[in-house]
Each structure stands twice: as C-alpha cells, then as structure tokens.
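From first to last, the protein sequence lines are chains A, B and C.
Residues in the first sequence are numbered from 954 upward in steps of one, following my numbering.
Residues in the second sequence are numbered from 731 upward in steps of one, following my numbering.
Residues in the third sequence are numbered from 2 upward in steps of one, following my numbering.
Calculated from the structure, these hints are not laboratory results.
Heads up, some of the hints might be wrong.
[Claimed, not checked] Label-pair ranges, simulated between beta-carbon atoms:
no., chain 1, residue 1, chain 2, residue 2, range
1, C, 38, A, 1325, 50 to 56 Å
2, C, 327, A, 1007, 53 to 59 Å
3, C, 332, B, 887, 58 to 64 Å
4, B, 995, C, 36, 50 to 56 Å
5, B, 888, C, 39, 55 to 61 Å
6, A, 1266, C, 174, 56 to 62 Å
7, A, 1325, C, 100, 24 to 30 Å
[To be verified] Distance condition first, Cα-Cα at most 20 Å in a straight line; then the derived SDA-like pairs of lysine to any residue:
no., chain 1, residue 1, chain 2, residue 2
8, C, 29, C, 217
9, A, 1013, A, 1068
10, C, 256, B, 1052
11, B, 935, A, 1080
12, C, 222, C, 295
13, C, 154, B, 856
14, A, 1318, C, 192
15, C, 332, A, 1064
16, B, 961, C, 193
17, A, 1269, C, 211
18, C, 130, B, 1052
19, A, 1313, C, 195
20, C, 221, A, 1312
21, A, 1269, C, 217
22, C, 332, B, 856
23, C, 332, A, 1002
24, A, 1180, A, 1236
25, A, 1253, C, 129
26, A, 1309, C, 193
All C-beta atoms in this analysis are idealised placements derived from N, C-alpha and C, irrespective of residue type, glycine included.
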Amino acid sequence: MKDISKSFPGVKALDGVDFKLREGEIHALMGENGAGKSTLIKVITGVYEKDAGLITLHGKPIHFRSPQEAQNNGIGTVYQEIMLCPNLTVAENMFIGRSHAPIVNWKEMNEKAARLLDSLGIPASPIQELSTCSIAVQQMIAIARAVDMDCRILILDEPTSSLDEDEVQKLFELMRALKAQGVGIIFITHFLEQVYEISDRITVLRNGKLIGEYKTSSLPQIELISKMLGSELEDISTIRKHEPVASDAGIPVFEAVGLSSAAGVRPFDFTIHKGEVNGFAGLLGSGRSESVRAIFAADKVTGGEVRIHGKRVKIKTPLHAIKHGIGYLPEDRKGDGIIEDLSVRDNIILTLQVLKGLFKPFSLKEAEKFAEEYIKKLNIKTPTSNTPIRSLSGGNQQKVILARWLLTNLEYLILDEPTRGIDVGTKVEIQKLVIRLASGGMSLTFISSEIDEMLRTCSRLIVMKDREIVGELRGTDLTENDVMHMIAQGGKS
Amino acid sequence: MASEKAIKQKARLSNSNLLFLIASVIFVLMYLFAIISYPGSFLQFQTFFDLFNLNAPLIIMTFGLCIVMIGGGIDISIGSVCGLVTMACAVYLEKRSGSIAGAIFLSMGIGIVFGILHGYLIAYLEIQPFIITLSGLFLAQGLLTTLHKDPLNVTMPAFVNLRDFNIVITWLGTRNRLGVFIPCQIKPGTIIVAVLLVIFASLMKWSRFGRNVYAVGGNSHSAMMLGINVKRTKFITYVISGLTAGIAGFVYIMTTGAGNIGNAAGAEMKAIASAIMGGTLLNGGVGNLLGAPIGTLTLLVINELIRAAGVQSNFQAIVSGLLLYLFIILQSIIMSLRDRKRFTVALPPWLRLSGKGQA
Amino acid sequence: MRKLMKNVSHLVLPISVMVLLIIINLVKGADYFTITMINGALYGNIPNILFGASELVILSIGMTLVTAASRGQDISIGESATISSAVFVWFVLRSGEATPVTIIVGFLLSCVVGLGLGAFNGILVSIFKVQPMVASLILFTGGRSIAFMIDGKLSPILANDISNRIGTVIPGIPIQTPVILTVVFIALFAVLLKTTTLRLYVETVGINPNAARLNGINPKKVIFLTFLIMGFCSAVAGFIAVNKAGRHDSVNLLKNIMMDAILAVAIGGNSLGGGTFSITGSIIGAYTIEMLNRTLLRLEIEPAMIKVFKAIFIVILMVVASPVVRDFIKKVLDRNRTRKEE
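If we strip away everything but chain A, and leave its shape as in the complex, we get:
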C-alpha cells in the first residue's frame, strides 16, 4: 500500500495539523464546529492557501491553487450542499465543465452516463432533470462525477446529513466499492454510528489542533467523544457553580410543553427555575441551537405551549420573547448578533431601545451613560464607545452583545456557544459572569461544545442526540463521564 500523506502545520484555524490518508482507506475526519475540518479540506483542495507546512501526494510535494487544479490531480470533493445544477439533466451534470469540445454530443454523453450509472448502481436515468432526483440520488451523482474523473482521493463533506437510513446504506455500498478500487476516502461527519460502521481510521481535530489519529476498531466511542469535547487544562479552580436555592424551586420561570419549530425541532418540553443555570450537551447536529432558538421564537414556532411564571403567554416572535424578559445570545455572532457598522454604544443600547419604543429615543447622553456603565462592568476593551463594533476583537464583541442583553430587564438569558472563537481569558470571565448572574436570581441556559465549561457552571444538563432529548443529568450524576455515556448510548452509564 502506497502512503498518501499530507502533513502541515498552519494557519490560526489550523495549528500544526498532521493528516495521513492511505490508499483504499476510509478515513473519518471529526471535530466540532470551528475545529478546523472545513479549513483543512479547503487547504487540501486549493481553496485556501496554507501558511506553513507540507502537503505531499504519493510522496511528491504538491501545491494546489484552485479546486480545478486539485480536481485535475485526482482529488474529488463532494460538498454538503449539492454542487450541481438542478435544471440540467443527470448526464449533463456528470460531464459539463470537463471537456473543451465546442459541440455537445448528446448521444455519446447519455450513453456514457448510462454506463456509469449502471456500474455504480445509481437509480437514475441520464436524461432526467436533476431536480427530479431525490437528494440522496443527487449526492450519488455528484460522487459518480468525481469517480469518473479518475479521482484517487474522494472527500465527502457531511454526505449523510439529508439521507435516510436506506440511502445511507446505498452510499456506504458505493464507498466500499470505491475503497476496493483503491480510492482513499476522507469522510467528514458527526454521526458516530456511521463512523464506526464504515471508517478504518479516525482523525480528531479540536480548536484547530490535531488531537490524534486512531484506528477505528481500537477507539471506543466514549473515548472518541471525550477527545472531541474534552478540554485543555486551565486555572479555573476558583469557579464554583451556583446551585439553585431550594426556595426558588417552585413555579418555574419559564416552561415549554410540546414546543416545536420549523427548523426541524420535534416537540419537546423544557423547564427552568429561578437562579438555575442549565446546559444543553450534545454533538454537532444534535439540535441544541435549534431548540433554544425555538424557545426564543428565533425560528418559526409551529406548535406548543409556553408559560412564564405559570401564566400562559404567546411567544411567536423574538419581540414577544424580549418583552417577557428572555434574551438570546446567538451562536452566529457575526450573522445574527453584531450590527457591524454601528458603534459599540448603539450595539449596547439596541434592545433596550426597542423595548422603549419608536417614539422614545435615548438622547446621546443617556446612551453614552449606559454604554460607559457596561464597558466598565464587563471590562470591554474599546477605544471609545463610538468605535464601530467591527473593529473589536471577537471576545469584546461578545461582551458588547452580553451588555446589550444585561441592560434590559432579563429574567432568562440563553447563551448559545458564547465562548466560541474567543480568547481564554474572556472565556473564563464569561463563565464567572454566568454564575454571578445566577446568584442574583437570573435563569440561564448555557450551551457550549466544551463540556467542562458547562459542568463548571450548570446545575443541570440536558443531553441531546440526533435532534432529540435523550436524558437529563443533575447533582452527583453531573460528571463528564456520565455526559459522554449518555451521548454515546442515549442513557446513563
């Protein structure tokens, strides 16, 4: 077996990552969001330039400057979103953009396509429009195209996200067939069972660093999860979580029954009490963000009942939620959180201003006062309160958004990945702040891919897997081990 090895230390997104792919091997690449998987792939396929390191193919160093170049050298990529044209036929999608012949020979193309579809067992006709094929079939056609281009390395980025069980099996059959032909496959996925079913080796990335490369058969699931979610050592011994006072347990601050949303959230129940910090644990794709978004009505709510302090209320838009004292710090800071061209001050007073209404604008002095107050309280590093928020670092931007919510009369704050992409110091500050707020009587939900952060701050953890709640842990059961087990098996250890 000839080794195809790629090793490169690199960019801030990737820090000294080594990666090795062998011929005829199915190699799973795993890690949470922001771990560096897509960056690694983009460096391999020439979309990004690496800063440092060496990539070799069959022992020879290579440097691709574009996806086309990578393709021409035998690396085929099938992305999570189908990169095909739905209005063209199946055959066209397989062959377009590959030859320079000025005239299209339909007969020949259709015949070649039919042969290829047959050899790979894909249930489609060369002359049907791609949009009439199911997503699974479309994905297989994308793979067929890559295969037909004589790729020796096939990269599959989350190919199974939209497939049902039968379709996944069909895909795996195809992958095994390719493997038998000596094609090396990089398989990116967050579905643990699939990894164990089909892959030979696993590489785990976390925070841009290589955690390790393992043989699938020798790595128990529990260990895999711990490697993906485990932490680095930090001096955080001073943090002691806040256990909710028994007297506060009574009528919950917020209660949802059968809440479902258009973002694929199946009906679920959720309760939180005063001074309680709860967390949602689970891997990427488990549905944590979608669930809390449903609570905030950030996505369209399709069913369920919501009660605040025992009283039935209507929360169908974020404004309703805000008016009832619920705040939401979104996972996507840039896309959903900051208003990048506006000043730090405007970003801070935004939600409070919305609560006050259209006809009661804050004067500049009032706004300044609020801004200064929170810049000091949260230790936000900014030249002035008038600086546009986009010039601040990620951690400080996050603090501004926190300030925005704390300024309003919050009873319940939802934090979705508040520590992602932030420096260690600010991470600790945020965790300490969460505990302080809870002690003051606020209810909080804290979601993080770093389980230890949640363990440090939460008194209760809800574990999710594949868009369902599989269990809840509290008190003495709240250990890292128990969480991992619950994720792995959907039950306590």
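Put chains B and C on the given structure of chain A with help from the hints.
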C-alpha cells in the same frame, strides 16, 4: 436494473420544454381566438407574415435577451441601444454617404460595444445588472438625442431599394376587395429572424457555451465548482444581447427607412414580456430559444386584440404589464405544482434583496 | 477640532465635488456669486440653484431612507410625484375657485395618494421580497399613463394667485417660496429623526436584517415605513413642481429625476448598498447635482449629453463601490503597508 426503474421518469419533459409547449399552445389558442373574432384580418396569411415583418426587431432583441435571462441576468438597455443604432445608421447613410455594408458593421459594432461594457461591469466587477443596464439605457438615449434630434429619412437609393425589397410568395396570398390576387410578401427582416432563430437555438442546445449558460443560470456557484468559467460565460451573454440589439436596430431602420428618437422606446419591457411568455423563466436556467418568437407573437396578438377591442392606447401598456405579472404567477404555480413544493413566486437573483441576512 | 472633523468626514465627498464645481464656474465667469434683486426677490446663480433643487432635495431625503433600509433604489419617484400632483390639480380645478382651503385640502389629498403609492411599492419589497428597483418598475412604466388619465388626457393649467405664489414668490418675502418650503421640510424631517428611533431602526435593518429581527425589530415594518415616507416625499415634490410650472404635464413633470436622486444619495457619501446613512450628505449631494446640471449647461454642453455624463458618473460610482474593486484596493493598501513595515 436501476436504469429500468428510471425509465419511468424518461417520459417527463424538461421544464424548458414544458414551458415552451405551454407557450405554443397559448399562442395557437390566442391566434384561433383572433381568427374567430376578427376573421377579416386574421384569416389572411399576410397578417401572419406581417407580424414578423413589422416586428422583426423586437423578436431579434428577444433572442439576445433570452440568452441573458437564461444565464440569470437581465438587460434593460436593449430598446435604447436599438434606437441609437437606427439613428446612427440613418446619420451614417444619409449624412456620411456610407455603404449598406458599413451600416451593418456599424450596427453590430455599436451593439457589441455596449455588450462588452455591460458584460465587463456585470460579470467581472460583479455589479448588479439592473443598475448597469439602466445606465446603459440612459447612455444610449443620451447619445441618440445628441446624434440627431429630428427624424432622419434615409434617401440613399441602394438603401431605399433594400427597404422596399420584398420576397414574394406567389402561391400564397389573398384576394383584396377588388378581387385581385395579392401574393404574400416577406420582408428581409423576417428572413434574418429565421436565420438567427436557427443559429441561436442550435447554439443553446448543442454548443458547450449554450449549456454553460444554462448551468450558470441554474446555480452559478455550482457551475463554478463544476469547472465552468462563470464570469466569461455571463460576459458573453451580454455581448450577444448587445449584438442582437444592434442587429435589431439595423433591421428596424431597414423596415421603416428613417431614424427617429422614439424608435424602439419601451421595447425592452415588451422583450422581457415576450421572453417570459415564450417560456424563459425570470430566475434563469430555464428557457427555450424557440419560445422567443412564440412569446413575442403571443404578446403582439394580445395587444392587437386589446386594440381592436377599442381599449385606449394608455391602457395598453398597463394591460400588457398586468398580463405579464399574471404570466409570471402562472409559471410559478406550474413549476411548484410540478415539484410539489410550497408555492413561491420564482424570483431571479437580480430581483431578490441581496446581501447578508434576509428579513 | 478632531471630533468635529470625524463627525463631518462623511461629507467630504459632496463638499469636495461642490468646491470643484464652484472653481470651474468661477473660471468661466468671476461673477458667479453675484446676487441681484428683481421684483423684490433674490436671483443669481446660487439662489437659482436653491430654487431649482427644491424637489430634488426632498426626493433625495426619501431615497436615502429607502436605500438605507432596503439596499435598493426606488425608480418610480418621478412617476409617483406626477400621479399625486395630478390628483392635486384635478381637485383644485374641480373645486372651481382656488382658495387657500382648496389648495391645502388638495395638497393633503395628494399626500394620501403619495402614501398609497409608497405602500404599493413597500408591500412588494417588504412582503414579497422583490428588489426595490424592480418593484418600482411597475409604477415607472405605467405611472405617467395613469396620471395622464387623471388629467383627462390633457395638460391642465393651474393658473391662480396662490399657485403662483407657491411656485415663485410671496410678495414681500425675498426668498422664493419653494426654497422656504424645502427648508421647512428639512426642519420637519430633522425633528422626526430626533424624536423617533427611526435612524437606529433603519440602519440596523439595512446592515443586518437577521440581527435586527432577533433584537425585536420587525424589518418588514421598517422597510414598509421607508417606502411610505418616500411616497410622501414624492407628493410634496410633485406639489412644488406643479405649482412652479403652472400646468400639469404628465409626460415631462420631474422626468428622469430618479437618476439625480440616486446620484445625490451616492454623492452624499451614502452607500447604495444600504446601512448607515447621512441625510445631510444627501441634501448637499442634491444641491451639488443641481449645481452640476447648471454648470454643464453654462459650459454649453447639450442637454442630451448631460444624460450621457450622468450615466457615466453613476457607473463610475458603482464601480468604485463594487466589492471587487473594494477588495482590490484593500489588497493594494495592505501590500503597501506590509512593504513599509519590512
């Protein structure tokens, strides 16, 4: 076998062809309705040929516009460019004593220059096509008025001959009121339409470029990942659109014999309507060049019917606009019923609000 | 001093264009700034610019808001103004006598019409998510025909004392009425911005509609509101225009003014792609465009060529604002910076 299961789907028409079929059916229906309502005029063959003879420029412009729209773009400068070309030819032939061949080259040249300008700014600098071609529209209008404000009749003998030239079909014709048999006449413009139809339809169906245009219109990001040079493809579509506007300009003056600042004003709206009625979807990736003349003719027949029914000229534009929007919605209904998706009005990338985040 | 500089830095563009134009004009004839008194009113190059740009200033204010919130432009403003002013003229003429009451009621009626037209565009953009330029294409094509029908297919004449005074001068006041009306409008608008959160809402929606929604702002409502305001601005502009002209010519009233309005907004330092905005910039931009028009005329460039120049100007502005060019400039600047550091 896998492909046998798929044979069941073999019979299904592609979206482009289906819309073309619908367009043709509607055209035939409309024409039949016209014949029944106004047999005096519509039953004559000459009327049918006149639709081509008098509206050849519009059909030619629609060809180029179809290609741009299939690629996902839009060009609203074509009417003004056409008008500019007519005046430029008039000035060239009358004031500068140019040759007819020169006028032809001039027309195509002006059209291509506009096409290159638009194409570069839209495809390579990624500026919104609507505002660029709108500026092109004003640029052309401005140049047109600057060139020559008053109508200019071309009296050059060679040109006049060309203008009056008719191809006579002796075996097809009608009897006029006096009982004299008048054979049908076809103007050279119609021949050009037929030739361009063959060229462009083949181009879109059988050339690599044509298929690339469909791909770019279907999903430009995927097209890029599939190895298609999206920018170059888009660029060429705008050059073609400019070229057809130029050719249309020459045919226009060849038919009317005079340059006039009102020439082809508002033609772009008619061309867009024709393209849509002919089965080219507003959001790109779907369309059939054969549908372009069908759509134009349908539009013209409907306008004729409206006019013959006594509706005033102001209303005509409003009614045409309304019909156009009805057509868009009809198309969207058909498309969504097909795919059993939720009903959405199919809007192209240049129509939708762009940028990060949607409300 | 530095604080002042920072606050007005966005006005550098329109002011520098204006300064350039003033220089060109002074070169052409040093008597550019002379003002004379004719029939008790001020005339001269500068007063004429203020007079002539009245409608454009008002329209540019509306266009600024529409651009900021919905990242597009409304090209039907001239047609909107034509329709609402047609309603005004119709009302005044059918009331027989033109008294201050009929004029005011007529004006209010035209404002209602303007709001309705704004709502028409606003619904298309906010609910059906159509791009503003294409949504307004409907009124752009059909608007003048509708106005013509309201006119009874004529060009009705509006000749009465009050209209005269609105259109030119009120005896005893040396400043022309349109200029006064414009100043009042600007003042009212400034009050609107001061007493409501309009600026914050519009800018937030324009920069990031998603985040706006997650903070309790309804982007649809905000965008709809900007179109309502635009409709109102069109009505006011149409009112001034028709009183100036003395007759309602639905074919030519404020024809092609949308180009000038878009230019005014852009020259005012506002991004045509939405977000933060400066009304002051657009106002200066509008006066600058008027100055540009008159300068080109003064330099004896044909009116037809002016269209050409303006089209080229818009294209250049769009090119400079295009993301591709911006990235390129950034790269060049970064390269120079790293080179300096080496």
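For each hint, the structure was consulted:
Restraint check, residue 38 of chain C to residue 1325 of chain A: a C-beta distance of roughly 54 Å satisfies the suggested window 50 to 56 Å. For the pair residue 327 of chain C and residue 1007 of chain A, the beta carbons lie near 34 Å from each other, so the given range of 53 to 59 Å is not met. One distance hint, 58 to 64 Å for the beta-carbon pair residue 332 of chain C and residue 887 of chain B, holds here, with the actual separation near 60 Å. The hint said 50 to 56 Å for the Cβ distance between residue 995 of chain B and residue 36 of chain C, and at roughly 41 Å that hint is violated.
Restraint check, residue 888 of chain B to residue 39 of chain C: a C-beta distance of roughly 58 Å satisfies the suggested window 55 to 61 Å. Separated by about 59 Å at the C-beta atoms, residue 1266 of chain A and residue 174 of chain C satisfy the suggested range of 56 to 62 Å. Checked against the hint of 24 to 30 Å, the C-beta distance between residue 1325 of chain A and residue 100 of chain C comes to roughly 57 Å, which is inconsistent with it. For the hint linking residue 29 of chain C to residue 217 of chain C, the alpha-carbon distance of about 56 Å lies beyond 20 Å, and the restraint is violated.
Only pairs whose Cα atoms come within 20 Å are accepted, and residue 1013 of chain A paired with residue 1068 of chain A is rejected, the gap being roughly 34 Å. Between residue 256 of chain C and residue 1052 of chain B the CA atoms are separated by roughly 23 Å; this puts the pair beyond 20 Å, and the hint is violated. Distance check on the hinted pair: residue 935 of chain B and residue 1080 of chain A sit about 14 Å apart at the alpha-carbon level, within 20 Å; holds. Only pairs whose Cα atoms come within 20 Å are accepted, and residue 222 of chain C paired with residue 295 of chain C is rejected, the gap being roughly 39 Å.
Pair hint residue 154 of chain C plus residue 856 of chain B does not hold up; C-alpha atoms about 43 Å apart against a cutoff of 20 Å. Annotation: proposed proximity of residue 1318 of chain A to residue 192 of chain C holds, straight-line Cα distance about 18 Å (limit 20 Å). Taking the CA atoms of residue 332 of chain C and residue 1064 of chain A, the gap is about 48 Å. The hint is violated against a cut of 20 Å. Restraint check: the Cα-Cα separation between residue 961 of chain B and residue 193 of chain C comes to about 45 Å, which exceeds 20 Å; the hinted pair is violated.
Straight-line distance between C-alpha atoms of residue 1269 of chain A and residue 211 of chain C comes to about 16 Å, which keeps the hinted pair within the 20 Å bound. Restraint check for residue 130 of chain C and residue 1052 of chain B: the C-alpha separation of about 19 Å stays at or below 20 Å, so the hint holds. Taking the CA atoms of residue 1313 of chain A and residue 195 of chain C, the gap is about 10 Å. The hint holds against a cut of 20 Å. With a C-alpha separation of about 18 Å, the suggested pair residue 221 of chain C and residue 1312 of chain A falls inside the 20 Å cut-off, and the hint holds.
With a CA separation close to 11 Å, the supplied pair residue 1269 of chain A and residue 217 of chain C stays within the 20 Å bound. A distance of roughly 17 Å separates the Cα atoms of residue 332 of chain C and residue 856 of chain B; the hinted pair therefore holds under the 20 Å criterion. Annotation: proposed proximity of residue 332 of chain C to residue 1002 of chain A holds, straight-line Cα distance about 16 Å (limit 20 Å). For the hint linking residue 1180 of chain A to residue 1236 of chain A, the alpha-carbon distance of about 12 Å falls within 20 Å, and the restraint holds.
The suggested pairing of residue 1253 of chain A with residue 129 of chain C holds, with an alpha-carbon distance near 18 Å, which does not exceed 20 Å. At roughly 17 Å between alpha-carbon atoms, residue 1309 of chain A and residue 193 of chain C fall within 20 Å of each other, so this suggested pair holds.
Hints 2, 4, 7, 8, 9, 10, 12, 13, 15, 16 from the earlier list are contradicted by this structure; the remaining hints agree with it.
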